[in-house]
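Q: Take these sequences, add in the hints, and give me the full structure.
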Amino acid sequence: MIELERVTKAYGGRRVVDELSLTVPEGAFCVLLGPSGCGKSTTLRMINRLVPFDSGVIRVGGEDVRRLPPEALRRRIGYAIQSVGLFPHWRVEDNIATVPRLLGWSRQRVRNRVAELLQLFRLDPDTYRGKYPHQLSGGEQQRVGVARALAADPDLLLMDEPFAAVDPIARAALQGEMLRIQRQTQKTVVFVTHDIDEALRLASVIAVLDQGRLVQCGTPVEIIERPASGFVAEFVGGETSGLKLLGLLTVAERMRPGEAAEGEPLPSESSLRDALAAMVARRADRLPVVDPSGRPLGAIMLADLVR
Amino acid sequence: MKERAVSRAGAWSALQLLGSPVLWVAALFFALLIGMPVLRPLFQWAFPGVTPPVFERTTFLALWLSHAGIVAAASAAAAVIGIGLAVFATRPAGRDFRPLINALAMVGQTFPPAAVLALAVPALGFGPRPTLVALFFYGLLPIIENALAGIETVPAATRDAAEGMGLSAWQILRDVELPLAMPAILAGVRLSVTIAIGTATIGSTVGALTLGTPIFDGLAANKLPFVIQGAVLVALFAILTDMIFARLERRLRVVPANASPA
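Note that the protein sequences, when read in sequence, are chains U and Z.
Heads up, the first sequence is in our numbering, so the first residue is 1 and it goes up one at a time.
Heads up, the second sequence is in our numbering, so the first residue is 1 and it goes up one at a time.
If you are wondering where the hints come from, they were derived from the structure by calculation, not from laboratory data.
Note that beta-carbon positions come from the ideal geometry of N, C-alpha and C, so glycine has one too.
All clues given are correct.
One side of the interface only, derived from the structure: several residues of chain U facing chain Z at Cβ under 10 Å: (1) 84; (2) 85; (3) 88; (4) 90.
A: Have a look at this one:
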């Protein structure tokens, strides 16, 4: 879906993005992860040409991004940023409708799309469509911002640390929404963050950047189990990366089918970290496991967590 | 937080109308404008020996119409050019010209309007034209300064989001920057117009018909009532205009002043 081939961007003599090559498959949730100044935001903004790049090629959907006029390119790509950037003088409805209107959609189609998106983000359309941004909470503003990015139904969504400025509870909720929506709509997402936990939770593939270079590209489990360098190992939590790994694996993957155990059962789709937490809390080293409908499946033991 | 986001169509009940200060000031102003001769006995009593007690070379109404016309023309020109220059100075192409534009506005304000008048007369003759020129330069600074400030307070995130969504530069200016800068721009125009109303009086020294004519006539002929009549009318006109602008500002305000940026 997106191909970056040896893309370079320099300010003065300093390379902010250095011969970066990356492929993002269609339908992937690709997280660009790295410390401040590693070039992840710059890379994101080169995809929709907000930042011009010096050399290399970037293709979206097979097409060289420099071949289209920038406005046309951007209207086909959703863009959501940390500070949201909602237009304060427009109501929620008009904010969301921005790109559809630019594309000449009919009034009814726009109206329906706004309602559909508000419902997707669990905001009641009748209550929210007429509100102004200053009347919304931070979490609601960010939801509207992402809804606005999705309004024209783009295949690609670019997100630049969108949840960083929101309180942790709202952030967790937004991450959950984002996962749900991406799974439902199968859109390709490129998501910038410096938060390793956010990356592990959301990504299907993580691209770790350092000083403008791609250091490692892989699934969350790969990044933790086989970090390509000391830098990556440190970044994913060093000594604590084991606990993060537990958060990525499910009980279903490690349980023993058919066995029995006492106590309140764990859902099979819960993470190994939840299992560990339950075991510690109940002082038990084995717990029963059930499927989503409550049917008993087996048991999981403490030893299974470190197999 | 008080909700001040209201729709543009605000309905005015008859009671509101009656309590409106704008209406009372307007009524007073127009009453004096047209009915000044009615106060003849008052001025006669206050200033015995001055004839005539009320300025009567021209009607005050005619003076006001001419005065208002000069102010309107000069302010309209200053608004168009001033806002245009401010927009230019905030574009990538015009950024280098910003200090120059600032300087121009500054000179326009500090150069005494009377001097501008004196310099303009040989070129443009007597009457309203040199007055227009003087008012134009004098009114540029508030408009340019306020427009610049207004455009620059548009949050960078808003502009970035607009650009990232695919709005063209012109669309961003028209749909995002100017509407958000409008309160500041309007404040600048309001200031410029109000000052111009007072400054326009000096046009009478070069033969323009303004509400300053009775003032200067009165000073020259030592007839104090003329001065008072002219000055009171100018002051009321300025106050009334300022109040109307304030109303306009309030009605156009969509985002409360103390709202946090989205």
